[in-house]
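A.B. asks: Protein sequences appear in the order of chains F and E. In short: position in the first sequence from 1, add 8, done, that's my numbering. In short: position in the second sequence from 1, add 9, done, that's my numbering.
Heads up, a few of these hints could be off.
Using 27 Å as the maximum straight-line C-alpha spacing, the simulated DSS-like pairs for lysine-lysine come out as follows [claimed, not checked]:
1. E/252 x E/292
2. E/302 x E/292
3. F/53 x E/302
4. F/45 x F/25
5. E/117 x E/213
6. E/252 x E/117
7. E/188 x F/25
8. F/39 x E/188
9. E/117 x E/167
10. F/46 x E/213
11. E/291 x F/53
12. E/188 x F/45
13. F/45 x E/117
14. E/292 x E/225
15. F/46 x E/252
16. E/213 x E/292
17. F/46 x E/291
18. F/27 x E/188
19. E/117 x F/53
20. E/252 x F/45
Calculated from the structure, these hints are not laboratory results.
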Amino acid sequence: MDIGVKDTILAIITIDKSKVSGGSVPTFYAKDMEEQKKIAFNISKITTGMIHDLENGCLVVVRH
Amino acid sequence: MFKYGYIIVPSIIMGFTSRVFMLRVDYRQYPSYPQGVLSHLTLGMIAAALGSVAVPAIVSNEFSAFTFLSLAAQQFRDVRSMERQSLDNIEPTELVQRGTAYIEDIAKAFEARNYVTMLVSLITSIAIYVLGNLEIPKIYAITGGIIISIITFLILNKSISRQKIEGIADVIPATISFKGPMLLVNDIPIMNVGLEASREIYLKNGVAVEIIPHDKNAVSTLSSIGQRQAIVHNASVLLGIRKDVDEPDFMPIARRNSDTGSIVVVMVALEPDVECLVEAVKKTLIIESTARKPLQSHIGRKVAD
């Protein structure tokens, strides 16, 4: 049986702290968009997840 | 037993030849060559032998021998499950998966082809036996049997051949664009691509087509997820996919326009040639079990009005 974390948000990477409140998902704060992209890219490679843009300063990494 | 050699030998040869003709090893590389091909040829030989001995057995009053045909049916059901299992096992190792519907369809085709082999040799042996009783030289009876077997094979092969997408829908090139992070194909939102680098690759190497169904039957058939998976699998095999396991951004996708029922397929290919993608999609088989024909019902026709 295939057991694993699937179709869930693995991480949130944001430059706007006010948009994310505490929860169960690991949240990474970046100082600018450049760093945000870099963190998101690294996490996506580590987790083989896909990066999605919420267009509010937040990127989420989701494994499909 | 060799009294009936003139019936059995030509029937086995014709049955086996029909199996060889049905065993096409093409770009799909399925059955796998050489081992998969050999096992199917062997099974074809067994099917031909079983089909050809039925008539001589009955003629010799060996009625129990006829029950061997049911044994053969059992055997070929095993062929289906063997194929299914083998494809299921390698499915997780495919970059773009075939999908269970496609696997089921392949397995079914193998089973059906064995039945064709058996029927061809059975009909050959019946034909030779009947012609042999007409007081004509055996060589004419055998020739007649061979001609009948060729006709039988052509009819059976035609009747089990499957339709292609080009028969039920038009396939036209589509345009890829982005609205913010949202990937659009012909203005239908497909998915959110967050990484800018990925969006650039989509614009550079992405190819897309729109599949426009001819009628309501086609809309219904194309809505099947299994059918769509078969299309993207086929397209990615033929065009070459620009993707690795850690790049889910470039997973080829077939999405449905919920308003019209048309399907858009988008993929990032190594060689972004949209004409080839159109051809690849057109040549994809329609999976038998996903085909639906609502227009053959009263309700379906009424709704379509």
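A.B. asks: Now, for every hint given, state plainly whether the structure supports it.
C.D. replies: Structure-based check of all given hints:
For a cut-off of 27 Å, the pair hint linking residue 252 of chain E to residue 292 of chain E stands: about 23 Å separates their Cα positions. A threshold of 27 Å between alpha carbons decides the hint, and for residue 302 of chain E with residue 292 of chain E the separation of about 21 Å falls inside it, so the pair holds. Pair hint residue 53 of chain F plus residue 302 of chain E does not hold up; C-alpha atoms about 44 Å apart against a cutoff of 27 Å. The suggested pairing of residue 45 of chain F with residue 25 of chain F holds, with an alpha-carbon distance near 16 Å, which does not exceed 27 Å.
Among the hinted pairs, residue 117 of chain E with residue 213 of chain E is inconsistent with the structure: their alpha-carbon atoms are about 40 Å apart, more than 27 Å. Between residue 252 of chain E and residue 117 of chain E the CA atoms are separated by roughly 31 Å; this puts the pair beyond 27 Å, and the hint is violated. Pair hint residue 188 of chain E plus residue 25 of chain F holds up; C-alpha atoms about 25 Å apart against a cutoff of 27 Å. Proposed proximity of residue 39 of chain F and residue 188 of chain E is supported: the alpha carbons are some 25 Å apart, at most 27 Å.
Straight-line distance between C-alpha atoms of residue 117 of chain E and residue 167 of chain E comes to about 16 Å, which keeps the hinted pair within the 27 Å bound. A distance of roughly 22 Å separates the Cα atoms of residue 46 of chain F and residue 213 of chain E; the hinted pair therefore holds under the 27 Å criterion. At roughly 35 Å between alpha-carbon atoms, residue 291 of chain E and residue 53 of chain F are farther apart than 27 Å, so this suggested pair is violated. With a C-alpha separation of about 19 Å, the suggested pair residue 188 of chain E and residue 45 of chain F falls inside the 27 Å cut-off, and the hint holds.
With a C-alpha separation of about 48 Å, the suggested pair residue 45 of chain F and residue 117 of chain E falls outside the 27 Å cut-off, and the hint is violated. This hinted pair checks out: residue 292 of chain E and residue 225 of chain E have alpha carbons roughly 20 Å apart, not beyond 27 Å. Taking the CA atoms of residue 46 of chain F and residue 252 of chain E, the gap is about 20 Å. The hint holds against a cut of 27 Å. Restraint check for residue 213 of chain E and residue 292 of chain E: satisfied, since their Cα atoms lie roughly 25 Å apart, inside the 27 Å limit.
Only pairs whose Cα atoms come within 27 Å are accepted, and residue 46 of chain F paired with residue 291 of chain E is rejected, the gap being roughly 40 Å. With a C-alpha separation of about 22 Å, the suggested pair residue 27 of chain F and residue 188 of chain E falls inside the 27 Å cut-off, and the hint holds. For the suggested pair residue 117 of chain E and residue 53 of chain F, the alpha carbons sit about 39 Å apart, so the restraint of at most 27 Å is broken. Between residue 252 of chain E and residue 45 of chain F the alpha-carbon distance is near 20 Å, which keeps this suggested pair within the 27 Å criterion.
The structure is inconsistent with the numbered hints 3, 5, 6, 11, 13, 17 and 19, although it conforms to all the rest.
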